[in-house]
Amino acid sequence: SQQGEEDPQALSIQEGENATMNCSYKTSINNLQWYRQNSGRGLVHLILIRSNEREKHSGRLRVTLDTSKKSSSLLITASRAADTASYFCATSGGSQGNLIFGKGTKLSVKP
Amino acid sequence: NAGVTQTPKFQVLKTGQSMTLQCAQDMNHEYMSWYRQDPGMGLRLIHYSVGAGITDQGEVPNGYNVSRSTTEDFPLRLLSAAPSQTSVYFCASSYSIQGGNSPLHFGNGTRLTVT
Chain A
1 SQQGEEDPQA
11 LSIQEGENAT
21 MNCSYKTSIN
31 NLQWYRQNSG
41 RGLVHLILIR
51 SNEREKHSGR
61 LRVTLDTSKK
71 SSSLLITASR
81 AADTASYFCA
91 TSGGSQGNLI
101 FGKGTKLSVK
111 P
Chain B
1001 NAGVTQTPKF
1011 QVLKTGQSMT
1021 LQCAQDMNHE
1031 YMSWYRQDPG
1041 MGLRLIHYSV
1051 GAGITDQGEV
1061 PNGYNVSRST
1071 TEDFPLRLLS
1081 AAPSQTSVYF
1091 CASSYSIQGG
1101 NSPLHFGNGT
1111 RLTVT
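Each protein sequence line maps, in turn, to chains A and B.
Going by this note's numbering, the first sequence opens with residue 1, and the numbers climb by one from there.
Going by this note's numbering, the second sequence opens with residue 1001, and the numbers climb by one from there.
Please note: incorrect hints may appear among the correct ones.
[Unchecked claim] Straight line, CA to CA, 20 angstroms or less: simulated SDA-like cross-link-like pairs of lysine to any residue:
1) Lys56/A <-> Asn1101/B
2) Lys106/A <-> Arg1044/B
3) Lys106/A <-> Gln1037/B
4) Lys103/A <-> Thr1086/B
5) Lys106/A <-> Asp1038/B
6) Lys1009/B <-> Val44/A
7) Lys106/A <-> Met1041/B
8) Lys103/A <-> Arg1111/B
9) Lys103/A <-> Gly1040/B
10) Lys103/A <-> Ser1084/B
11) Lys103/A <-> Asn1108/B
12) Lys1009/B <-> Ser39/A
13) Lys103/A <-> Pro1103/B
14) Lys56/A <-> Asn18/A
15) Lys26/A <-> Gly1058/B
16) Lys26/A <-> Gln1085/B
17) Lys110/A <-> Leu61/A
18) Lys103/A <-> Leu11/A
19) Lys103/A <-> Gln1085/B
20) Lys1009/B <-> Leu61/A
No lab work stands behind these hints, which were simulated from the structure alone.
Please build the complete structure, drawing on both the sequences and the hints.
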C-alpha cells in the first residue's frame, strides 16, 4: 500500500528555475526520505528528515516536514538539466520500519 | 566499494520458468530488501532481511522466495514466472536493521520480462 503520494506527478521547468515537489502521507512516521532516480538506474538517497525535524538542507536541496499536515516538500534551487530525474519520497514508521515509497514526481529541466 | 551489485541486468523468461536474481553488497549491511517497480505503481517491497538467517515478507511476496545465508548475499527466486511478474527489480541495503532509519543503497536493477 502506498503511504506517500507525490505531487505533481510531472513537472517541467527551465534551467535556473526552482523546482518544488510535495509529498503527503497518511499515518505517523519515524522519518521521511527523498530519493532521485535517473532513467534506467537505481534510486539514490538525497535527504533523510526525522519526525522531530522541520527543515533540512543539502547543497541546492531543501526539505521541509510538517507532521501536523502529514506533508513534506523538496525544493531544488537553481535547477540544472542534470537534475532531470524522477523524485520519490519514502516514509518509515511502525515496528518493522521498512521504507514505503510513493509513486514519484518526474522532473524535466530544459536547458 | 562496489556497493550493491545486481545480476543479471536484463532477463527474458517464458511463463512457468524459474530463475534467481542475484544481489550482493560489500558494505557489511545487516538489512537487505527487494522491491519491484512498475509503471505508475512506484516501488513495492517484496521481501526483506535484517541479518543472515532472517527473512520476512513485504507487501507483495507471492510468487517469490528469498534466503539469506550470508551477510553479503540476498538472492530472489521466482518459482514459476508469470507475466504479472514483468517488472524492474531492485535490491537495496542499509546499515540499520530497521531499513527506514538510515539511507537505502540501491543496485541498478534487473529488468525482467515474462512472456
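Hints not upheld, ascending by number: Of the numbered hints, 16, 20 do not hold.
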